[in-house]
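Asks: Each chain, written out:
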Amino acid sequence: MSADVKVLVAPRDTTPNALTAALRKELLLQWRTRGQLMAVFVFGAAALLLFSFAIGPSAVALRTFSAGFLWLGLLLSSTLTLAESFHIETEHNALEGLLLLPADARALYYAKAIANWLQLTLLGAALVPIMVVLYDAGTSRLPLLLAVIALGAAGLSAPGTLYAAMTARLQAKQTLLPLLLFPLIVPALLAAVKATSLVILGDPMGELRSWLGLLAAFDLIYWSLCGLLYGRVIDS
Amino acid sequence: MARRYGPRWALSGLTLDLPAATAVMLAGKNGAGKSTLLRILATAIKPDRGTASIDGFDVVRDREDVRKITALLAHQTYLYESLTARENLAVVADHLRRPRTRVGPALEQVGLASRADDPVAEFSAGMRKRLSFARLLLQEPRLALLDEPYGALDPPGFDLVDEVIASLRRGGATVVMATHHWERAAHICDSAVVLDEGRLIWQGAAADSLAHEPRWAS
Chain R
1 MSADVKVLVA PRDTTPNALT AALRKELLLQ WRTRGQLMAV FVFGAAALLL
51 FSFAIGPSAV ALRTFSAGFL WLGLLLSSTL TLAESFHIET EHNALEGLLL
101 LPADARALYY AKAIANWLQL TLLGAALVPI MVVLYDAGTS RLPLLLAVIA
151 LGAAGLSAPG TLYAAMTARL QAKQTLLPLL LFPLIVPALL AAVKATSLVI
201 LGDPMGELRS WLGLLAAFDL IYWSLCGLLY GRVIDS
Chain D
237 MARRYGPRWA LSGLTLDLPA ATAVMLAGKN GAGKSTLLRI LATAIKPDRG
287 TASIDGFDVV RDREDVRKIT ALLAHQTYLY ESLTARENLA VVADHLRRPR
337 TRVGPALEQV GLASRADDPV AEFSAGMRKR LSFARLLLQE PRLALLDEPY
387 GALDPPGFDL VDEVIASLRR GGATVVMATH HWERAAHICD SAVVLDEGRL
437 IWQGAAADSL AHEPRWAS
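First to last, the sequence lines map onto chains R and D.
Sequential numbering from 1 applies to the first sequence in this note's numbering.
Sequential numbering from 237 applies to the second sequence in this note's numbering.
In case anyone wonders, no lab produced these hints; they're calculated from the structure.
A virtual CB, placed ideally from N, CA and C, is assigned to each residue, including glycine.
Please note that the accuracy of each hint is not assured.
[Said to hold, decoys possible] Selected chain R positions facing chain D (in silico; Cβ < 8 angstroms): (1) PRO16; (2) ALA21; (3) ARG24; (4) LEU28; (5) THR64; (6) GLU96; (7) LEU100; (8) LEU101; (9) ALA103; (10) SER224.
Please build the complete structure, drawing on both the sequences and the hints.
Replies: Below, the structure is given as structure tokens:
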């Protein structure tokens, strides 16, 4: 006696979901425009150099303010990368093209924000050696420093991506983006500077955990809120 | 339906009924409101007054449903300069959740197979237009909205547009095209709609529109 056995295997769905598709596009675009990241790195390094001129030759002062300078350098550089990330979308109205497919607006936002976060984290990590050389601000806790940079970059990229989208079509976008963005990210920036300073200069009072918690909380708020608002922003 | 840009009405008091599975030519002078009408139907912009519906879907209320069945060939190419032709279409295929294997045939259909791996930044305006057509074909729309489909193309490109429109119609799609190539379009379209300063001034068979063309075009 025999029985026919049929095994039905559903074809594997190899098409990506909305976020994966959008993220794949963002990473590809970043790879193709990687020369721009090098230019932004040089800009950030030049900013760090100029800050050191402003302080003068005091090694103690340079080391004390090194965390603030690192974040200022990264902040100034971020306006360039954030604005460029939307220039690509508006050059031939590609963003509208995606929305009309229709692509999920929230997925487009998070993919862009993640790509900008990666770029800023890389940029921050690349500026660390410059900071060490210029300000004598070395630390043995490098992984922790990189983690702080990653958390701080997340606080810049989420609102930065939203505001870059808002200002992308405006003529004065290069001026408006920092004007709108900087006041909003002050709390996250303060937490990032303080946490970085504690990693570099030492943490005798055990404050680092609290500052990192605060930074993570701001990140969570920014990423949730900006994701919700993005659809309305690009709609208008 | 009505739509304005600042104080100027680009469309005003327009009432139209476009039958399914036909090709409709939108004609009229520059600034007549052709592109505005196409952009409203594609849900790229909203009407200020009135409404439009496609297959029963309202262009404002059911925007996502409308977007699933329409495709717009706009003045702007919707392309990424730094990506290759193949990558541009792969981005579209990924977002539409269609297999990337469809990219090759689409490029072949518009005559860009040999330039598939070249960056769009190196493309001429005509090649970009062809690639935009390939993008539209990937969408497999039920309503194809073509804004100046012959623009920037060479004579072989004109034939390509006609072939693409024919292939869309064979698939059962409705085609609405805004064009200044009146005579050419009149031969492939079933009906014509003539706009002037945002108002409908004539509607009828595309072939009949040719008799009036010099008067409207001037």
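Asks: Now tell me, hint by hint, if it's right for this structure.
Replies: Comparing the hints with the structure gives:
Interface hint status for R:PRO16: upheld, as the beta-carbon distance to the closest one in chain D is roughly 5 angstroms, under 8 angstroms. For R:ALA21, the suggested interface contact is upheld, since its CB lies about 4 angstroms from the closest CB of chain D, less than 8 angstroms. Nearest Cβ of chain D to the Cβ of R:ARG24: about 6 angstroms, under the 8 angstroms cut. The hint holds. A cut of 8 angstroms between beta carbons decides the hint on R:LEU28: the least distance to chain D is about 6 angstroms, and the hint holds.
Here the hint on R:THR64 is broken, as its CB sits about 42 angstroms from the closest CB of chain D, past 8 angstroms. For R:GLU96, the interface hint holds, since its Cβ comes within 8 angstroms of a Cβ in chain D; the closest pair sits about 6 angstroms apart. Given the 8 angstroms rule on beta carbons, the hint for R:LEU100 holds: about 6 angstroms separates it from the nearest Cβ of chain D. Annotation: interface hint on R:LEU101 holds; nearest CB of chain D at approximately 5 angstroms, less than 8 angstroms.
Restraint check, R:ALA103 versus chain D: the minimum CB separation of about 4 angstroms is within 8 angstroms; hint holds. A least Cβ separation of about 23 angstroms between R:SER224 and chain D goes past the 8 angstroms threshold, and the interface hint is therefore violated.
Figure legend: structure checked against the earlier numbered hints; hints not met, in rising order: 5, 10.
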